[in-house]
Amino acid sequence: MSGISAPRGTKDILPGEVEKWQYMEDIVRRVCARYGYREIRTPLFEHTELFQRGIGEATDIVEKEMYTFTDRGGRSITLRPEGTAPVVRAYLEHKLYGSAQPVRLFYHGPMFRYERPQAGRYRQFHQFGIEALGSQDPLMDTETILVALTIFEEMGLEGLHIEVNSMGCPRCRPMYREGLKHYLKGRLDRLCPVCRTRYELNPVRILDCKENTCREELEQVPEIGDYLCPECRDHFELVQRYLTSLGRPYSLNPRLVRGLDYYTKTVFEVIAPGMGAQRAVAGGGRYDGLAEECGGRATPAVGFAAGMDRLLLALESQGKELSLSRELDAFVAIVGDKARMMALKVAVALRDHGFRVEMETEGRSLRAQLKTADRLGAAHVIIIGEEELGRNAAVIRNMEDGGQQEVPLAQLIESPESLSLQKISG
RNA sequence: GUGGGCGUAGCUCAGUUGGUUAGAGCGCCAGGUUGUGGCCCUGGAGGUCGUGGGUUCAAAUCCCAUCGCUCACCCCA
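Residue numbering for the first sequence follows our numbering, starting at 1023 and increasing by one per position.
Keep in mind the hints are simulated off the structure, nothing from the lab.
Some hints could be false.
[To be verified] Below, in silico cross-link-like pairs of lysine-lysine (DSS-like), each with a Cα-Cα straight-line distance of 30 Å or less:
hint, residue 1, residue 2
1, K1393, K1367
2, K1393, K1042
3, K1203, K1086
4, K1042, K1342
5, K1033, K1342
6, K1086, K1033
7, K1393, K1360
8, K1207, K1086
Computed from a prediction, not measured in an experiment: that's the story for all the values here.
Using the sequences and the hints given, assemble the complete structure.
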């Protein structure tokens, strides 16, 4: 309860918790390497314009969720609310279209959105994601989905559900938009107030409204599948056939609409069971128009982002025990001030030989030191006492069975590996 | 941005219709063992009762405001 706490919607990841993050990050790195995705690290902040143009002015993110400020040079800067636009910017800026296509990239790190925090939603949250730039092949859409699933499986997540849809392209989506508006026109007065404003701004968003009245009105709503142009239809068809050929179950959700404007053709979400409101653990799709929107050359691309905070919640709700207990090979105990110097030498020598070692520093009783060593999970306590010092020896106590042996200090310092000090297994 | 729940020790919580120095368990520190952990016993430290104001002889308790946490809506990862 003292003065300053972490800002709202942020949190510290303490030892004991941080190992779970390292576990997830390791799996992301390994699977991405297998699929040929290489890591890219982009700045945590960008010119505001990148997100305004990339994500879309009419989206919630740009309208009310960005951390935007003016820097000392008068530039408008925004903490990144997502990872795709920065990656596309980097691809264009560094002319990665000059290397072998497609370019496969992955990233992970914090993102920032100004929202009211709740379970599975924070102001600083962590995502990893992949982007494949420079390919319009439906094989890449399938690969993207597959990478997500593979990572989640290796993490040990079970019962994941995948939903796919197609958003069409600049040729066919406007036609669907009109068809949708035509259907909704006579029912406007029965829709919720929010949806009435959506009608003009972004009618497609009405599709995933949760209001019961809206859902009823939507029962006979035309589906985008009926409006897709031949190219989009074929593309979507192939993505699904590839998924099926791999034996990957998925379901078609014609109402799946993503909140960022840049999506075209394939969109998908991965949903974790038993998670309540924030159950979408990853989402992504194709964004063939984004590079041009950012002022670069036309570049078809596809990718996804996954929320690591939510993955952790999902893992914990499935009872996965990821926390590793702290382990220590030895604790160096000191009896008598004259033994301090030798204890320091022994501790340093053991560490130089690769052992995990902590040593006493508070001048406490041996009893208290053993208690501390026990709590730290030390496999052994090496007692450096004035009594043994006279014999150039030290005592090694096995903390599991209580057995003790006296060993020469020279051996302890010069060849500790001969003493079987490794962590007691089991 | 909207709505609900909750703020008492490091943690989990108790605290009667408002009534003296605000408690318990666990954890922490020390002692019992002047050189031996886990179990046990004893002692100790640790609290602006979220914060500010109000009512009252008297507020952890009642009222108002505010901040924070949390859950849901919205939206999304």
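Here is what the structure says about each hint:
1. K1393 <-> K1367: 23 Å, holds
2. K1393 <-> K1042: 28 Å, holds
3. K1203 <-> K1086: 26 Å, holds
4. K1042 <-> K1342: Holds, at about 10 Å.
5. K1033 <-> K1342: 22 Å, holds
6. K1086 <-> K1033: Distance of about 22 Å is within 30 Å: holds.
7. K1393 <-> K1360: Holds: K1393 and K1360 sit about 22 Å apart, inside 30 Å.
8. K1207 <-> K1086: 28 Å, holds
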